[in-house]
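Enquirer: Take a look at the letters that make up each chain.
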Amino acid sequence: MLEITSTPLVIIGILGTVGILLPIISIARKEQGSNTFYAIIAFAALIVSMGYVGYQFLEENVSPSALFAEDVVVDDAFGGFFAIAMLIVALFTTVGSFNYMRKHNSPAVYYSLILLATIGMVLVAYSTDLVMLFVAWELMSIPTYILVGFRKKNPSSNEAALKYFLFGALSSAIIVYGISLAYGLTGSTNIGEVIQGYSTLDPSMLPLALLSVGLFIAGFGFKMGLVPFHQWLPDTYEGAPAPITALLAAATKKAGFAATIRIVILGMVVLHLDWTLALGIIAVMTMTIGNIAAIMQKNISRMLAYSSIAHAGYILIGLAVAPHSSLGLQGSLYQIMNHAVMKGAAFIAIAGIVTTLAVTHIDKLKGLGRRMPVTALGLVIALFALAGVPPLSGFWSKLMLFGSALDAGTALWWAPWLAIAGVLNSALSLAYYGWLTRKMYFEGETEKRVIEPKSVMAIMIISTIFLVGFGVYPEPLIKFVELATPVLSLGSMP
Amino acid sequence: MADAVFLALTVITIGSAIAALEMRSLIYGSIALMGTLGGIAGFFFLLDAPFVALFQLAVYVGSIAVLILFTVMLVKRELIFKKIEDRKRKFAGIGLMLVVMVSLGAVFLDSGIKTITTDEPAVDFRDIGTDFVTYYWPALILMGLILAGSVTGALVLARREDVENDQRVS
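Taken in order, these protein sequences are the chains called V and G. For the first sequence, our numbering assigns the number 155 to the initial residue and increments by one for each residue that follows. For the second sequence, our numbering assigns the number 1129 to the initial residue and increments by one for each residue that follows.
Among the hints, a few may not be true.
[As the list claims (entries may be wrong)] Straight-line C-alpha distance at most 30 Å; calculated DSSO-like pairs for lysine-lysine: (1) V:633 x V:520; (2) V:317 x G:1242; (3) V:317 x V:306; (4) V:452 x G:1242; (5) V:184 x V:317; (6) V:608 x V:184; (7) V:593 x V:633; (8) V:608 x V:593; (9) V:633 x V:452; (10) V:633 x V:518; (11) V:257 x V:593; (12) G:1216 x V:317; (13) G:1218 x V:307; (14) V:593 x V:520; (15) V:306 x G:1242.
[Unchecked claim] Derived coverage of chain V by chain G (criterion: at least 3 residues anywhere in the stretch with Cβ under 8 Å from a Cβ of chain G; other residues may be distant): (16) 162-172; (17) 277-290; (18) 347-359; (19) 600-611.
Hints were generated in silico from the structure; no laboratory data involved. No experiment lies behind these values; they were computed from the predicted model shown. Backbone N, C-alpha and C fix where the C-beta goes; we use that ideal spot for every residue, glycine too.
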């Protein structure tokens, strides 16, 4: 029985109430310009939600990572882990928008949509029912379609919104098709019952079960930005308002991974499907295409968009080898948490640069280290953490991911090649991160310091503390990852 | 009989969908969309789900399609974007669609789905309602939030920024 004090319901209550009230308050106050007021309310709602998730963990009110439950949501450590990652990014986005939204209208609706999208993302991670998962998926998607097109008079924002909407609608349709097949085959929408139904399915129906799993991979793959479902991503990230890009790259992507782990990976284990090689190939293609395309970019938003595609490939390594190595899922979850902070910080730094200097072309970032020293330093640390440079936190998650591929080598002869591909791709990524760093610190001489947005500086400091702190002392984060990692076996079923 | 009705509905639904996409006139396109939505209602009737079918007719054909029609009539024609033809992309898209449809059809035909028979009664709409307020109640709340977000977002996107607030009131 679902407790009214369970974390997902409380998050719906807090963020949903504030999300609905913000536009109503805006109408009541008959003012459009009070950006800070709405930003502070949204920030407070997110902090309270985050505090409640943390409190539930500390009070041990959270069940171990269950993956299945009798209700449509479960208050487990897996969902809590993703909730924390997504709430961090939502906080970054809200704080990073303080300055950005000063020049734009309708701040109340803007922050309201961020809160509603956050509920959707968090609830995707907590969902244990396909209908609930789909509704949460839509709650995550629809507000972000609007947020991407928020700069109405900007053609690139319009193009980004249209592309994102069309690909998003297609991915939703594919997911619904997968859900309808799963329901038709098993007579239930509860993920536990669906997977139990799959395990006792008549052999003649297996192609349909296989098709439903394939449709889920394709549907979630769009949001995760896996190759070949990634075409929308660079244009959308480039055209969207800069803080919203952080939300898309660092949070909605993670919802895709949460849904994949809940359904696809478990479905594969139960159906005894050997899709590890297929996922491994997609992982290598995604990493390589993402990194090669990133090297060729002249616009920093597009460069980080392709880097984001590459990172989906790294995370997929862990999922590909998960049935054969316990480190696989742990590595993926570890990388998901780190990526949320690293990519969130990097895109908020870009938001600060866009707001202050109005440039995104890499050549125009010469001397950024002198002009915006705190933002530039935070960005460089995030970039090096993305590359996996020790002793930053990104190093440990990549080490765990590549270690899982080597660990699975006893069962899968090709698995160590994933680790080799991952290391080579990390080296490749260091080339363009290094090039960007050189532009910021070793080129240009006449630039003078400008006033940096305080909100962006605050995020840079917090992300740097996270990345360096958990890089030097990673044990607490590793323990949290272990707690949140579900066990991939039929024994975990209700 | 059911097969013939199914085929007829399929032709109506897919044909109208293609027409809705291809028509240069937005008015005719909207009317074609009504055909697609009506065809889907026919499928629901065929699947012994009259409650859902009537909702499909009332909500989609009756209000949403009519709303789209009115919106199209109210919008200035010169504001609608121009259609840019790219024949290569068009044929690539049609080719990809055919590949996907043939592949999906092959999977269905290869499975044992044709052997399935069921004598279970159709789901009562009261059961659907009960499920929504019991098992699915958190999903129902999320649906409300989706609607709220969609409406406020649509209002912001549709709002004309060249009109001042006092002008709007007057």
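Enquirer: Hinted pair, alpha-carbon criterion (30 Å max): residue 608 of chain V, residue 184 of chain V. Please report holds or violated.
Expert: Measuring from Cα to Cα gives roughly 28 Å; hence the hint holds.
Enquirer: What's the verdict on residue 1216 of chain G and residue 317 of chain V, does the C-alpha distance respect the 30 Å limit or exceed it?
Expert: holds, 19 Å
Enquirer: Is the straight-line distance between the alpha-carbon of residue 593 of chain V and that of residue 633 of chain V 30 Å or less?
Expert: With a Cα-Cα distance of about 38 Å, the restraint between residue 593 of chain V and residue 633 of chain V is violated, given a limit of 30 Å.
Enquirer: Within a Cα-Cα threshold of 30 Å, do residue 257 of chain V and residue 593 of chain V meet the stated pairing?
Expert: holds, 28 Å
Enquirer: Would you mind confirming whether the straight-line C-alpha gap from residue 633 of chain V to residue 518 of chain V stays at or under 30 Å?
Expert: violated, 42 Å
Enquirer: Taking 8 Å as the C-beta cutoff, is the stated coverage of the region 600-611 of chain V by chain G satisfied by three or more residues?
Expert: violated (count 0)
Enquirer: Hint check: residue 633 of chain V vs residue 452 of chain V, CA-CA at most 30 Å. Holds or violated?
Expert: violated, 40 Å
Enquirer: So is the region 347-359 of chain V in contact with chain G by the C-beta rule, three or more residues under 8 Å, or is the coverage claim wrong?
Expert: holds (count 3)
Enquirer: Checking one constraint from the list: CA of residue 593 of chain V to CA of residue 520 of chain V, max 30 Å. Satisfied?
Expert: holds, 5 Å
Enquirer: Is it true that the CA of residue 452 of chain V sits at most 30 Å from the CA of residue 1242 of chain G?
Expert: violated, 55 Å
Enquirer: Tell me if the straight-line CA distance from residue 317 of chain V to residue 1242 of chain G falls inside 30 Å.
Expert: Given that 30 Å is the threshold and the Cα spacing comes to 38 Å, the pair is violated.
Enquirer: Going straight from one Cα to the other, do residue 608 of chain V and residue 593 of chain V come out at no more than 30 Å?
Expert: Given pair residue 608 of chain V, residue 593 of chain V holds - Cα atoms ~23 Å apart, limit 30 Å.
The structure does not agree with the numbered hints 1, 2, 4, 5, 7, 9, 10, 15, 19 stated previously, though it agrees with the rest.
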